[in-house]
Amino acid sequence: MGVASQTESARARTVSLDRDDLELHEDRFFDPDPSIRSVARLLYEETRDLPLICPHGHVEPRMLAENQPFPEPTALIVIPDHYIFRMLYSRGIPLESLGVPSRDGTVVEQDPRKIWQLFAENFYLFRGTPSGVWLAHELHEVFGVRRRLSARTAQAIYDEIAEKLASPEFRPRALFERFNIEVLTTTDAATDTLDHHRAIRESGWKGTVLPAFRPDAVLRIATPAWNAEIEALATLHGSPIAEYEEFIVALEGRRAFFRSMGATSTDHGVVEPHTERLPIAIAEALFQKARIGRATPEDQRRFEAHMLMEMARMSVEDGLVMQIHAGSFRDHNDQVFTRFGMDKGADIPLATEYTRNLRALLNAYGNDPRLMLVLFTLDESTYARELAPLAGHYPALRLGPPWWFHDSPQGMTRFREATTETAGIYNTAGFNDDTRAFCSIPARHDLNRRLDANFLAGLVARHMVDVGDALEMARALAYDLVRETYRLEGVAGRGARGA
Amino acid sequence: MGVASQTESARARTVSLDRDDLELHEDRFFDPDPSIRSVARLLYEETRDLPLICPHGHVEPRMLAENQPFPEPTALIVIPDHYIFRMLYSRGIPLESLGVPSRDGTVVEQDPRKIWQLFAENFYLFRGTPSGVWLAHELHEVFGVRRRLSARTAQAIYDEIAEKLASPEFRPRALFERFNIEVLTTTDAATDTLDHHRAIRESGWKGTVLPAFRPDAVLRIATPAWNAEIEALATLHGSPIAEYEEFIVALEGRRAFFRSMGATSTDHGVVEPHTERLPIAIAEALFQKARIGRATPEDQRRFEAHMLMEMARMSVEDGLVMQIHAGSFRDHNDQVFTRFGMDKGADIPLATEYTRNLRALLNAYGNDPRLMLVLFTLDESTYARELAPLAGHYPALRLGPPWWFHDSPQGMTRFREATTETAGIYNTAGFNDDTRAFCSIPARHDLNRRLDANFLAGLVARHMVDVGDALEMARALAYDLVRETYRLEGVAGRGARGA
Amino acid sequence: MGVASQTESARARTVSLDRDDLELHEDRFFDPDPSIRSVARLLYEETRDLPLICPHGHVEPRMLAENQPFPEPTALIVIPDHYIFRMLYSRGIPLESLGVPSRDGTVVEQDPRKIWQLFAENFYLFRGTPSGVWLAHELHEVFGVRRRLSARTAQAIYDEIAEKLASPEFRPRALFERFNIEVLTTTDAATDTLDHHRAIRESGWKGTVLPAFRPDAVLRIATPAWNAEIEALATLHGSPIAEYEEFIVALEGRRAFFRSMGATSTDHGVVEPHTERLPIAIAEALFQKARIGRATPEDQRRFEAHMLMEMARMSVEDGLVMQIHAGSFRDHNDQVFTRFGMDKGADIPLATEYTRNLRALLNAYGNDPRLMLVLFTLDESTYARELAPLAGHYPALRLGPPWWFHDSPQGMTRFREATTETAGIYNTAGFNDDTRAFCSIPARHDLNRRLDANFLAGLVARHMVDVGDALEMARALAYDLVRETYRLEGVAGRGARGA
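Chains as they are written, first to last, in the working numbering: chain A, 3 to 501; chain B, 3 to 501; chain C, 3 to 501.
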């Protein structure tokens, strides 16, 4: 049989497939080479059922505090997920027609079934994307859907999910348990009262949900909201914050409060990861300039660089793991921002420099075993050039997993290929899902465990490591390293060997 | 049989090969893994015979207007192709000995057979390069050559090609038809009269050849030729251009003329894709400064940034698709430029920034459905970091195919791997060959169709998409997307399903 | 048998492995795909036994001049290798406990067995790194060790190596011969007397060991040691160096001396590869400013840019091959530098620009066939963007092999994939090991030959080149190109065909 007729019959087989069946292939995301695939399966089996540790993400603690049923499929899956609606928007579908709430009074679509239909009709846009495969996993594994989402199946699938959401097994806490989440960390402003976290703790429910301290808003001295943030901070602090030193004391106080509520980490979002210690007098002057609303963007840049130094100092003292997420140009699209606000899929990465920018912080604190600093980047060109060499030298440094746009099959592969040869795997921080889409959490961890297994299987197939080593490495990447990096000894442990 | 003896016999088989045979392997460029290769074949079968759409390139319209026979092999294949002679030059072969015409009176080799022989003797330099495989395809498929080019076969192959070129089947229009070109777009200066385009249209020949509006020369206000360009523009415009506003009106007029001649697109070459709207008074001042020959490179940079805004505004109004090719440092080698002029293989890429540079333009026009903006880059580090996030958000934006040095097997693979997970394939613009080497057009499209098929087959083999999806994606990449992006509804369509 | 039970039995087989056995798989580092692997084997067989040419590295010539036995395993393998101790340090193991000599009086561990044990216990950190596989090769092939290094086997392996080191077969010259080194080039300061090189030449030993001229220290006019360097240079020069012109003459004199001692190359380490010719008066002024200790870092930057021009001019005149290693931020960690000095694993790469920076040098000398310039980078984003286009145009330019952090399986693969399509392989300089770890030399060359064979096998499997071409390319990459690039015609030749 020649190539042409083989091709013809393969085409015939394809055409005869019922394209409506939704299946998750057992070997999905693995390299098709048999000697890689067989080892990838073996390694994945070692990690697939380990509990999920979620040390960084954006799930709302209120959801788990109140434990109310999720409203309906569109409000759960489409409207809050900027990965989804940015892609639809990029092909000309107005955000209004997707029900994204406006903040300027613009009327938006209110019929969830209409929005769901539009989403389903355009679901082909997600072919080859992580959103596409996450959603397939979520539909199949969380909601038991067995048909592919399309214009034709949209309403029936909507009904199927809606029915599930009404049942007690689909309340947030029940899903949390079913997802086998061992720890879930949220992201909380410095001025957050952590009332929802308190409610969870006092409810008697056994789920471990921890806050993380993210003080960005009180450090951005050139933003219009800054003075109000300082007032809110002062209220919680219990005394006025008129001077820089009081500001520092207030921050230390909030960190102590977060720690008392279970926090093990802080998080810092900056455009540029510049670090530089300012003389106190300069810091004070910048603070006072900001108090009268006169701080410039350049003032803010210097103040943030100084405050990263202070945050590292406090981490050395109180043991909170420090995370830096650098390099996102937020709200790039003014029209979208004006009408719909932030986190609407219009944040665009920037080239980012680490070697010079982090030098002050690493020189001051990077040799101190009390500091644990986890770095995230959106600039993959820095993986092999700057980040792996830094992490392969400074004891305090670990590399966070591929972030945001790079939390994807190729993105994860590039990360491991570019960092392992210089930093090894033991200077990386394990996985985190970094999501606000609660029901996508299992899909994201599963994708990561498969891709890490596949990467390690490639090392085995090329005889860089043996299978015994690879089994230990797979487990480290899926569980041990994240627990160690985020200092979760006290709160995590179900996945520990023999536990 | 041990590894060593297996190797020995494999070596023996190799040695026994007649190394003079030129063959194009049916599965060339496909991953050797059987589960990828079989799907790649299937997908390639779907697209291999689709018409070629060539929406951006540098073929001379005169060639198709006059339809004269090509002179002889060296003048067709070696002398005009900077991909070829730059590589020979890089290993110490003088451009003079390759017959590249000098502009300073330097005597260059005139014997085409001698040049062809030199090329053939050094053809091993192209091993593993796209030029190498394009030429193999061109010799085999266009000219029916069945021997590999080498010192020994050079003259016989020269004869073979020369004979073909003399026959009517090898005239430009006959080749155009045989190549199955549905649309071919040229690149034309703002001051071009489009006489050759008019001649093609009036000749009664059915081939579709369109102009594209490329006004770079009239925007580069710091170059010595600028004032002459403005004079030429004024002549065509039919009235003097003494002021900035008249300049704008003249450009609008030329665009209308290009549209009347079939143009659907413009093209803009810039070092840096900076965009910024200047107050009219500033634009006018820069224009006047240029009129007296005093504009500086920095003035030009600002003027070009402003004019990109104006070009986008005009595109919103007249519907011409806007292309930006950024990041080439032209004429890096002064000696080569002085002696041989531009486009001599001495253009070198620069690191390029898009996120901040394009913000003004995208904020002003990027949400407007009337704009279609196609971006090209020579800086692959921007694919995943900047370009895919921008294209995965702004409705107006599409990513052009891997350009120039990256129009190659690994280059195409890196492009798809780096952009698909964030932007999908539907925010990309399909392929264009961007060539002045007319006879290499089929080779370039074939290479691209094979590589895109291979990329999609990898997704299938890893169960990211199924074969049915992949078939639709392959067709979109080879035909549908380019037709849609370049707004060719009116002029293209032979490849449409069922057509 | 289902997937699960297959996996179970695969796991059982793994567990039953004696994990203490150290084996080097015959096919290590090759792609597992059978059609790639079989060709990779064939190509590797062509090159595996070729002599090693080592045109750039940091082996101490004294070692080969004195030919004394190596002290003991820890002093040979752990203490001098910053690849090894930086990784241990990065996971919190103090350099003191690894016996790294301090320069500030800090007491460090003196017991080599204790250090070796600590290294062995943490050897798992090198899983998936080149250091890990180099060491496996070195233990197995150089020292005949057949057990994996671990906490349990550490002392026995120490004994095994120590015993070997005491025998005459393990003296430096005996190993040099056993390693089949055809040429070994060291790196020597401009002020080096080359006494060890003289001693080697006069000893009657047949090994070819050449110096390379590295004048960095006498060009860094803002460093505190600079004036002392100039005094040392003057002493060797035999007359005072009070003026810039005398400095130039002294450098020309040292180059002539190095050439008389066999040197064929120079080497230049710069942060930024900036080149710019200064007027003599400016160069003189900078030189005088430095003589009185007032040169600033910016002065040094300009002076170095000018001196790269001068070094290129001298290379054109005297024929020494010029190497530039750019982009390392040296001694990033002040604490480590203060306590332990330089080359302690704290050098971190920087983003590096070549297109604009090298333009002055390439315009002045890049078209001259007398110049051979070899470029090295730590910024892989420049491979396809800047370096391959430059090397694919300028006759004088060759690309050095993947350097330092990138001298690794993935690093080599990325280098070939990113440069071959634009520059071909014939504008690259072959391999160099760039190591101070003498016993790792065979491991490094073997890894490179395997990876280049594997890259070429991928081209064959995808029908980009045929096996006959690939055999010639493999040989060029392993032997011919390095000999040609470093102008070793006179001193190398044992590996030449038929020799």
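These are computed hints drawn from the structure, not numbers from a lab.
Do not take every clue at face value.
Pairs count within a copy or across copies, as identical chains cannot be separated in the list.
Stated by the list, open to error - For lysine to any residue, the following SDA-like pairs were computed, each having C-alpha atoms within a straight-line distance of at most 25 angstroms: (1) K346 with R358; (2) K166 with P114; (3) K291 with E171; (4) K346 with G264; (5) K208 with S99; (6) K346 with N365; (7) K116 with D370; (8) K166 with M344; (9) K346 with L120.
Hint check:
1. In this assembly of identical chains, K346 and R358 lie within 25 angstroms of each other by CA distance solely across copies; the values are 18 angstroms between and 32 angstroms within a copy.
2. Taking the shortest alpha-carbon separations for K166 and P114, only the intra-copy value of 16 angstroms comes in at or below 25 angstroms, while the best inter-copy value is 65 angstroms.
3. Taking the shortest Cα distances, K291 and E171 never come within 25 angstroms of each other, neither inside one copy (54 angstroms) nor across copies (74 angstroms).
4. Taking the shortest alpha-carbon separations for K346 and G264, neither the intra-copy value of 30 angstroms nor the inter-copy value of 39 angstroms comes in at or below 25 angstroms.
5. Proximity of K208 and S99 under a CA criterion of 25 angstroms is satisfied in neither setting, with 40 angstroms inside one chain copy and 44 angstroms between copies.
6. Proximity of K346 and N365 under a CA criterion of 25 angstroms is satisfied inter-copy only: 15 angstroms between copies versus 37 angstroms inside one chain copy.
7. Proximity of K116 to D370 under the C-alpha cut-off of 25 angstroms is restricted to the inter-copy arrangement: shortest distance 24 angstroms between copies versus 56 angstroms within a copy.
8. When the C-alpha separation of K166 and M344 is checked against a cutoff of 25 angstroms, the pair qualifies neither within a copy, at 31 angstroms, nor between copies, at 64 angstroms.
9. In this assembly of identical chains, K346 and L120 lie within 25 angstroms of each other by CA distance solely inside one copy; the values are 18 angstroms within and 51 angstroms between copies.
Of the numbered hints listed earlier, those contradicted by the structure are 3, 4, 5, 8.
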